[in-house]
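J.: Kindly produce the complete structure, drawing on both the sequences and the hints.
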Amino acid sequence: MRREIFRMERVTCIEQGITQLEDFNLQIYEGEIMGLLLINAYGAQAFLRLLGSNLPLYDGYIYYGGTMINSWRSFGKGYNRISIVQTQSSLAEGLTVSDNVFVIRRGFRQRIIRPALLQRQLEPFLEEIGMEISADMYVEKLTAFERVVVEILRAVILGHRLIVLCEISTIINGAELEKLHEIIRHYASQGISFLYISLHYEEVFQICDRTSLFAHGRIQKVSRKPEMEADARRFYCGEYPQMVQGRLEQIQKVSRERKEILFFDGISCDSLKNLTFGVREGECLVVQSLREGVFQKLVGLLVGEEEVTGGKVRMEGRQVRFRNNKKIAVLRGEPTKTMLFPELNNMDNLCFGLSRRMPRVWSSRKLRDSIRQEYRKELGEEFFSLYPDQLSERQKCRLVYTRILLQRPRVVFCIQPFRGADLPHRMFIWQMLKMLLDKNIAVVILAVNLADSMSLAERLLRVSASGVEEEIDRSAFGMLPPTVPWNYLYQEEGIQNLEEEKDPPWPSAR
Numbered sequence: 044m045r046r047e048i049f050r051m052e053r054v055t056c057i058e059q060g061i062t063q064l065e066d067f068n069l070q071i072y073e074g075e076i077m078g079l080l081l082i083n084a085y086g087a088q089a090f091l092r093l094l095g096s097n098l099p100l101y102d103g104y105i106y107y108g109g110t111m112i113n114s115w116r117s118f119g120k121g122y123n124r125i126s127i128v129q130t131q132s133s134l135a136e137g138l139t140v141s142d143n144v145f146v147i148r149r150g151f152r153q154r155i156i157r158p159a160l161l162q163r164q165l166e167p168f169l170e171e172i173g174m175e176i177s178a179d180m181y182v183e184k185l186t187a188f189e190r191v192v193v194e195i196l197r198a199v200i201l202g203h204r205l206i207v208l209c210e211i212s213t214i215i216n217g218a219e220l221e222k223l224h225e226i227i228r229h230y231a232s233q234g235i236s237f238l239y240i241s242l243h244y245e246e247v248f249q250i251c252d253r254t255s256l257f258a259h260g261r262i263q264k265v266s267r268k269p270e271m272e273a274d275a276r277r278f279y280c281g282e283y284p285q286m287v288q289g290r291l292e293q294i295q296k297v298s299r300e301r302k303e304i305l306f307f308d309g310i311s312c313d314s315l316k317n318l319t320f321g322v323r324e325g326e327c328l329v330v331q332s333l334r335e336g337v338f339q340k341l342v343g344l345l346v347g348e349e350e351v352t353g354g355k356v357r358m359e360g361r362q363v364r365f366r367n368n369k370k371i372a373v374l375r376g377e378p379t380k381t382m383l384f385p386e387l388n389n390m391d392n393l394c395f396g397l398s399r400r401m402p403r404v405w406s407s408r409k410l411r412d413s414i415r416q417e418y419r420k421e422l423g424e425e426f427f428s429l430y431p432d433q434l435s436e437r438q439k440c441r442l443v444y445t446r447i448l449l450q451r452p453r454v455v456f457c458i459q460p461f462r463g464a465d466l467p468h469r470m471f472i473w474q475m476l477k478m479l480l481d482k483n484i485a486v487v488i489l490a491v492n493l494a495d496s497m498s499l500a501e502r503l504l505r506v507s508a509s510g511v512e513e514e515i516d517r518s519a520f521g522m523l524p525p526t527v528p529w530n531y532l533y534q535e536e537g538i539q540n541l542e543e544e545k546d547p548p549w550p551s552a553r
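Each residue of the sequence shown is one higher than the last, beginning at 44 in our numbering.
These aren't lab readings, by the way, just hints derived from the structure by calculation.
Warning: the hint list may mix true and false statements.
The calculated DSS-like cross-link candidates involving lysine-lysine, where the alpha carbons are at most 30 angstroms apart (straight line), are [claimed, not checked]:
1. K380 with K482
2. K355 with K482
3. K420 with K477
4. K316 with K296
5. K370 with K355
6. K439 with K409
7. K409 with K482
8. K316 with K264
9. K355 with K420
10. K409 with K296
11. K316 with K302
12. K355 with K316
13. K370 with K409
14. K302 with K355
15. K482 with K184
16. K302 with K482
17. K420 with K369
18. K370 with K316
Distance windows between CB atoms, simulated [to be verified]:
19. I200 with Q295: 49 to 59 angstroms
20. E324 with G202: 56 to 66 angstroms
21. M522 with S398: 24 to 34 angstroms
From a predicted model like this one, the values you see are computed outputs, not experimental measurements.
Cβ atoms here follow ideal geometry from the backbone N, Cα and C, with glycine treated the same way.
T.: Following this line, the structure appears as structure tokens:
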């Protein structure tokens, strides 16, 4: 008989008068990899808080290791012996790996710390999972993947029987994700349980024994391996596949002779060398970084924090610069937090995009009235007098994309636009990006993990410190790993293309 590690039974959680979880049931067994697929993220943060600490419940019971740790009658004190690994690191910077694993924990009572001894104690754990991480390395020098592994190791050494991984795939690339799955399976075979929280069913399907579909603060269904994929498509995807299928059909009809409007000619910046690729008019190009440092350098170049030390950037044959270039727009990561000015009303926020093209917008009332008339039906009359803090997340997102549209750039660079978004919000972001593409604006998506980017892409470039390592045309997307979202649609399309003997793919950029 399988031993139960964790159970939530009919849990209802209310915070500040708002129901976050309602009649919530979850059961995890010893050595099981349980998936939690977020159809929408409402209540997800409250769920994580309940896992980490015993907050008051309105109703229900929570058990860990066969012992009741929380209930509506009385709630326990302190933290649970459950490790939660998220995109935001919980490791203490300024300390080494061994310090974080052994020293910063309850029960460590040595007054004299012997670093060499701690490092020797950690080495067998690293060797066991095939990781080469220096025990005396400071955590701020770790990659995102190494940091995740160290947090898992710390949980194992602390004796935690349940490890929660929350949306980890958004910060590590595909090869690292495969290695992480190997580590998870290794520890699961030793009886450690995992709760794998993800936004993509393709990813959950590859690693999990069972999956719970989470929406509106409740578990909608629990699926076992055989029916997992079918249930996910039925309950999870909705009309999203039809939208993506429509995009694929649209791409097939587009002329392959579109002109190249932007070209990176041997761009170098510190550790990034000889980056060369072109972008075509109205094209969606995904640039996947195979190394974390390379991604940071690319982002730094786009936002003006890094200087080009070699090579040239050409726009329609003429050399240009990134900074203050009205034909190039950059959609930063988490744009609703990083690209809006809370002290300015929405009209002024909109005008920031237009001001790069028409500086007189600040002094021309006629021009501002024209903007109001053009977008009144879409945004609403009261929208223009409100401030960003008074908007919903979707309204803020629309504000950002409308501002970019008003700028009328030729190319938009998007930094992980889908990161951390639940399904409804990802669908909305997808529609906003398609709106730009439909205006014949080229969209370049910078990504670590491919996620929903592939549902729009026409080409994929994989980039390392030495430049472009691989270019993959849309016709070959079906050969990507099965964990890549929308892979099945490209596989079906690839089969259809072979049957119809379509034209060969576009030639590579210069």
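J.: Take the hints in turn and mark each one as holding or not.
T.: Outcome of the hint check:
Of the supplied pair hints, the one linking K380 and K482 holds, its CA atoms being roughly 25 angstroms apart against a limit of 30 angstroms. Proximity of K355 to K482 is assessed by CA-CA distance (about 27 angstroms); at most 30 angstroms being required, the pair is judged to hold. As the CA atoms of K420 and K477 are separated by approximately 20 angstroms, the hinted pair is consistent with the 30 angstroms bound. For the hint pairing K316 with K296, the CA-to-CA distance comes to about 36 angstroms; that exceeds 30 angstroms, so the pair is violated.
About 16 angstroms separates the Cα atoms of K370 and K355, which keeps this hinted pair within 30 angstroms; it holds. Simply put, K439 and K409 have alpha-carbon atoms about 25 angstroms apart, close enough for the 30 angstroms limit, and the pair holds. Between K409 and K482, the direct Cα distance comes to roughly 25 angstroms. Compliance with the 30 angstroms bound is thereby established for this hinted pair. Taking the CA atoms of K316 and K264, the gap is about 49 angstroms. The hint is violated against a cut of 30 angstroms.
For the suggested pair K355 and K420, the alpha carbons sit about 43 angstroms apart, so the restraint of at most 30 angstroms is broken. Between K409 and K296 the CA atoms are separated by roughly 40 angstroms; this puts the pair beyond 30 angstroms, and the hint is violated. With a C-alpha separation of about 26 angstroms, the suggested pairing of K316 with K302 holds against the 30 angstroms cut-off. Under the criterion of a C-alpha separation no larger than 30 angstroms, the hint pairing K355 with K316 is consistent with the structure, at around 12 angstroms.
The straight-line distance between the Cα atoms of K370 and K409 is roughly 24 angstroms, inside the 30 angstroms bound, and the hint therefore holds. The straight-line distance between the Cα atoms of K302 and K355 is roughly 19 angstroms, inside the 30 angstroms bound, and the hint therefore holds. Of the supplied pair hints, the one linking K482 and K184 is violated, its CA atoms being roughly 42 angstroms apart against a limit of 30 angstroms. At roughly 15 angstroms between alpha-carbon atoms, K302 and K482 fall within 30 angstroms of each other, so this suggested pair holds.
Taken as a hint, the K420 and K369 pair is honoured in the structure, with Cα atoms around 27 angstroms apart against an allowance of 30 angstroms. Taking the CA atoms of K370 and K316, the gap is near 25 angstroms; set against the 30 angstroms cutoff, the hint holds. Look at I200 against Q295: about 53 angstroms separates their beta carbons, and that is inside 49 to 59 angstroms. The hinted window of 56 to 66 angstroms between E324 and G202 holds, with their beta carbons roughly 58 angstroms apart.
Roughly 45 angstroms separates the CB atoms of M522 and S398, a value that falls outside the hinted 24 to 34 angstroms.
Going down the numbered hints, you'll see the structure goes against 4, 8, 9, 10, 15 and 21, while the others check out.
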